[in-house]
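J.: Next come the chains, spelled out residue by residue.
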Amino acid sequence: MLSWRELSDHLGSSSRCILDIDSDLPNFERHQFWREISRDEFYGQAQTSDMEHPTLMMCHKWLGYNLFHRDDIRKVRVGDLQLLYAAINKTPISPVTLLVSHLLSITSLQGPVGCTSLITRLASSLNLLENLSLEFIDELRIYHGFDTFRQARMLKKEGNVMYMLYDNKGKIRLPNPNVGLYVVQNYLIEIAVTPVNQRAP
Amino acid sequence: MSVDPTPLQAPTSSSGTRVKVLLKIGDLGLKTRREKEVFQQLKNKDFIHTPTLDPILLQETGMDTEFDLIFQMVGWTNFWDITELGSCLLTLEFLCTLQYYEGGIAFRMFK
Chain A
1 MLSWRELSDH LGSSSRCILD IDSDLPNFER HQFWREISRD EFYGQAQTSD
51 MEHPTLMMCH KWLGYNLFHR DDIRKVRVGD LQLLYAAINK TPISPVTLLV
101 SHLLSITSLQ GPVGCTSLIT RLASSLNLLE NLSLEFIDEL RIYHGFDTFR
151 QARMLKKEGN VMYMLYDNKG KIRLPNPNVG LYVVQNYLIE IAVTPVNQRA
201 P
Chain C
1 MSVDPTPLQA PTSSSGTRVK VLLKIGDLGL KTRREKEVFQ QLKNKDFIHT
51 PTLDPILLQE TGMDTEFDLI FQMVGWTNFW DITELGSCLL TLEFLCTLQY
101 YEGGIAFRMF K
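Residue numbers (the numbering used here), protein chains in the order written: chain A, 1 to 201; chain C, 1 to 111.
Source of the hints: derived by calculation from the structure; they are not laboratory data. Glycine included, every Cβ here is placed at the ideal spot set by N, Cα and C. Check the hints yourself; a few may be wrong.
Ranges between beta-carbon positions, derived for each pair [stated by the list, open to error]: (1) C:Lys-43 x A:Phe-136: 11 to 21 Å; (2) C:Arg-108 x A:Arg-5: 50 to 60 Å; (3) C:Asn-78 x A:Asn-168: 22 to 32 Å; (4) C:Glu-102 x A:Ser-105: 35 to 45 Å; (5) A:Leu-140 x C:Ala-106: 32 to 42 Å; (6) C:Gly-26 x A:Arg-5: 16 to 26 Å; (7) C:Asp-46 x A:Gln-32: 31 to 41 Å; (8) C:Lys-24 x A:Ser-3: 28 to 38 Å.
Which stretches of chain A does chain C cover? Using the computed rule of at least three CB atoms under 8 Å from a CB of chain C, they are [claimed, not checked]: (9) 24-34; (10) 42-51; (11) 113-125; (12) 142-148; (13) 173-181.
Please work from the sequences and hints to get the whole structure.
T.: Rendered as structure tokens:
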């Protein structure tokens with residue numbers, strides 16, 4: 001048996017991370033937080049594209065590919081929201097309870113099983129791979145790059161310049177230090193007043 | 001996935017230590033009815049290395065800097081770069097034996 005803390009440590013989270021997400025994020029309220037990062041009144045059929053802050057959108061994609069891999073990662077689940085809330089509030093947080101809930105649901109999910117590298121990490125950290133004859137997956141790892149996001153109409157390039165797209169509302173140039181997650185005061189993007197020509201130095 | 005025939009005896013390393021083998025379905029140590037039921041639900045799924053975002057895309061969008069900062073804040077500096085190779089059988093054995101307890105999890109590997 002592994003305690004949540006032990007599991008968290010073996011997977012690489014900091015020992016200062018909170019474990020009991022529901023109790024340790026007492027000010028989190030899904031509808032209120034969703035209103036802060038989208039233009040929806042209530043959290044319901046929330047999707048990545050409903051968010052506006054580019055870093056939050058990309059973070060959500062990262063969570064979907066790396067931690068909670070499933071066939072359709074566009075849906076924003078409550079656990080995703082809690083992790084994004086912790087990120088905004090700079091709260092060290094371990095994802096292990098959410099991760100295990102996800103792992104236990106894999107039998108009912110569509111698509112390939114994508115948690116394999118995390119399981120290898122856990123086994124390796126527990127020294128279970130020593131003196132073991134084991135085969136790894138032959139296929140190459142999938143890296144989701146520009147094409148994935150171009151097809152999802154989230155990003156486009158004009159020449160060598162990258163833009164994040166907002167349906168019919170416009171676009172902002174990336175990288176854009178003016179909209180860094182810890183720079184902005186508001187997580188809704190006022191495209192009309194957001195400089196599109198800012199690039200990282 | 002390997003389908004090599006089962007060795008009559010587990011091989012030993014040059015140091016004489018017994019080498020554990022997980023090369024085919026028969027090497028999975030599934031014991032309980034529940035474990036075997038989960039296996040039936042998972043056995044036909046594809047298993048892939050954990051996918052991720054392309055580092056070039058992160059760099060081109062400035063998310064490399066953003067992610068470094070965010071993951072530092074949430075305590076994931078040593079967690080978020082998931083580059084280990086995945087194994088179908090190792091993952092199957094873990095998922096089939098995984099159990100949730102109030103204070104953590106239990107699972108078996110190579111037993």
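J.: Are the hints correct? Go through all of them and say.
T.: Hint-by-hint comparison with the structure:
1. C:Lys-43 x A:Phe-136: 11 to 21 Å: 18 Å, holds
2. C:Arg-108 x A:Arg-5: 50 to 60 Å: Roughly 20 Å apart at Cβ, these two residues miss the hinted range, so it is violated.
3. C:Asn-78 x A:Asn-168: 22 to 32 Å: 42 Å, violated
4. C:Glu-102 x A:Ser-105: 35 to 45 Å: Violated, since C:Glu-102 and A:Ser-105 (Cβ atoms, about 19 Å apart) do not stay within the stated range.
5. A:Leu-140 x C:Ala-106: 32 to 42 Å: 33 Å, holds
6. C:Gly-26 x A:Arg-5: 16 to 26 Å: Given about 35 Å between the Cβ atoms, the range is violated.
7. C:Asp-46 x A:Gln-32: 31 to 41 Å: 39 Å, holds
8. C:Lys-24 x A:Ser-3: 28 to 38 Å: 33 Å, holds
9. 24-34: violated (count 0)
10. 42-51: Check failed, 0 qualifying residues.
11. 113-125: holds (count 12)
12. 142-148: This one holds; 5 residues, not fewer than the three required, reach chain C with a Cβ under 8 Å.
13. 173-181: With 6 residues in contact (Cβ-Cβ under 8 Å with chain C), the coverage given for the segment 173-181 of chain A holds.
Checked against the numbered hints given earlier, the structure breaks hints 2, 3, 4, 6, 9 and 10 and satisfies all the rest.
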